[in-house]
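2 protein chains.
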Amino acid sequence: MSSTRDIDALIEMMAKLPGLGPRSARRAVLHLIRKRALLLTPLADLMQTVAATARECLNCGNVGTSDVCDICTSEKRANGELCVVEDVADLWAMERSGVFKGRYHVLGGTLSALDAIGPQELRIPRLIDRVASEGITEVILALNATIDGQTTAHYIADQLDGQVQLTSLAQGVPIGGELDYLDDGTITAAMRARKQI
Amino acid sequence: MSSTRDIDALIEMMAKLPGLGPRSARRAVLHLIRKRALLLTPLADLMQTVAATARECLNCGNVGTSDVCDICTSEKRANGELCVVEDVADLWAMERSGVFKGRYHVLGGTLSALDAIGPQELRIPRLIDRVASEGITEVILALNATIDGQTTAHYIADQLDGQVQLTSLAQGVPIGGELDYLDDGTITAAMRARKQI
Chain A
1 MSSTRDIDAL IEMMAKLPGL GPRSARRAVL HLIRKRALLL TPLADLMQTV AATARECLNC
61 GNVGTSDVCD ICTSEKRANG ELCVVEDVAD LWAMERSGVF KGRYHVLGGT LSALDAIGPQ
121 ELRIPRLIDR VASEGITEVI LALNATIDGQ TTAHYIADQL DGQVQLTSLA QGVPIGGELD
181 YLDDGTITAA MRARKQI
Chain B
1 MSSTRDIDAL IEMMAKLPGL GPRSARRAVL HLIRKRALLL TPLADLMQTV AATARECLNC
61 GNVGTSDVCD ICTSEKRANG ELCVVEDVAD LWAMERSGVF KGRYHVLGGT LSALDAIGPQ
121 ELRIPRLIDR VASEGITEVI LALNATIDGQ TTAHYIADQL DGQVQLTSLA QGVPIGGELD
181 YLDDGTITAA MRARKQI
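These protein sequence lines map, in sequence, to chains A and B.
Take 1 as the starting number for the first sequence in the UniProt record's numbering and just add one per residue.
Take 1 as the starting number for the second sequence in the UniProt record's numbering and just add one per residue.
Derived by calculation from the structure, the hints in this document are not laboratory data.
Honestly, I wouldn't trust all of these hints.
Because identical chains share one entry, a pair is satisfied inside a single copy or across any pair of copies.
The calculated lysine to aspartate or glutamate pairs, modelled on EDC-like cross-linking and capped at a C-alpha distance of 16 Å, are [what the hints assert, rightly or not]:
1. K35 - E178
2. K35 - E56
3. K35 - D87
4. K76 - E95
5. K101 - D70
6. K195 - D161
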């Protein structure tokens, strides 16, 4: 490589980001260097700010810039509904849809015997505390429709059984979905949960 | 979005990088925030360093950290061969192969009537100066095998005609290539340039 040490190091570090490989990291770094005044310097400044301020909410596990996140501090969101998600990315996806007005609880993963991830490694004890202390009336288990996600949902449902109303997201045909491209499991779920028009 | 302003701004800025979209930018930023001590802070520092030091070589257009790049200053690379490439990424690709021991000239693009890019917008006048002043004996036109790349190669060949030996990269079947997946043009070029075994 003819580029010097720092540039090589930057490419190597960018290549470690999810979704980027060595080739796309090189392209991104060249783009950044070409627009260094407009893009590279502001990006570096912003990263420094985020590195200094970003933290996980001590209550729900969401990412924010204070010890307790905006959603947990907002009184408007204390409507008794608690949505349990695996990951902050899932929380952001729910927020983009704008459909949910309650609070969240981010587990930080799923139970996995293979990876030795038990309830203590996730935020499950904290979830059980919150259900008791925050006046929660409904827990929505919005975990991914994978085996690990559903195993985790069953475990949580067992733990909270009888204390609170438990719901999960509906399964069926996604909006814009074509039957021909859907798997058998989804079609079966959609057929079983069919609705009167 | 429940994340705060700086995090949103960082996602937005990362999404502008080539190869990243909004979804992968969100994933990358979440990954960076989770590993902020190990990854985000060093990355921000490195970006700041590169923003302060990176510049284009005044001679050849390569990216480096000094006014004249390492290749242009190395006496070992003054072997009379000059390899003309479109872009710094192409120069890096040539350097990774390790096959070329001479110097480079980065045009910074291709001639394009549609985008109003003429010889003055590229480093073509500088190339003609260098051929005269640096004792160049062979100019290798390593431009992309696209219409714009080949038009540019023809233009440069016209300008340098008679002054220097002009060559271009061989065209043919790529190593590991399967005939069934190659286009007709490549097969035709490979057949015409066939070699005695």
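I want to check one pair: K101 and D70. Are their C-alpha atoms no more than 16 Å apart within a copy, between two copies, both, or neither? within (13 Å within a copy, 58 Å between copies)
K76 and E95: within-copy, between-copy, both or neither at 16 Å Cα: within (15 Å within a copy, 59 Å between copies)
Checking an output row: K35 and E178, CA cutoff 16 Å. Within, between, both or neither? Neither. Shortest intra-copy (42 Å) and inter-copy (39 Å) distances fail the 16 Å Cα cut-off.
How do K195 and D161 come out at 16 Å by Cα distance, when the copy is not named: within, between, both, or neither? Cα proximity of K195 and D161: none, with 27 Å in one copy and 77 Å across.
Using 16 Å as the alpha carbon limit, work out where K35 and E56 are close: within a copy, between copies, both or neither. Answer is between: at 12 Å across copies they meet the 16 Å cutoff, but 32 Å inside does not.
For K35 and D87, with the copy left unspecified, which applies at a CA distance of at most 16 Å: within, between, both, or neither? between (33 Å within a copy, 15 Å between copies)
In this structure, the earlier hints numbered 1, 6 are contradicted, and the remaining ones agree with it.
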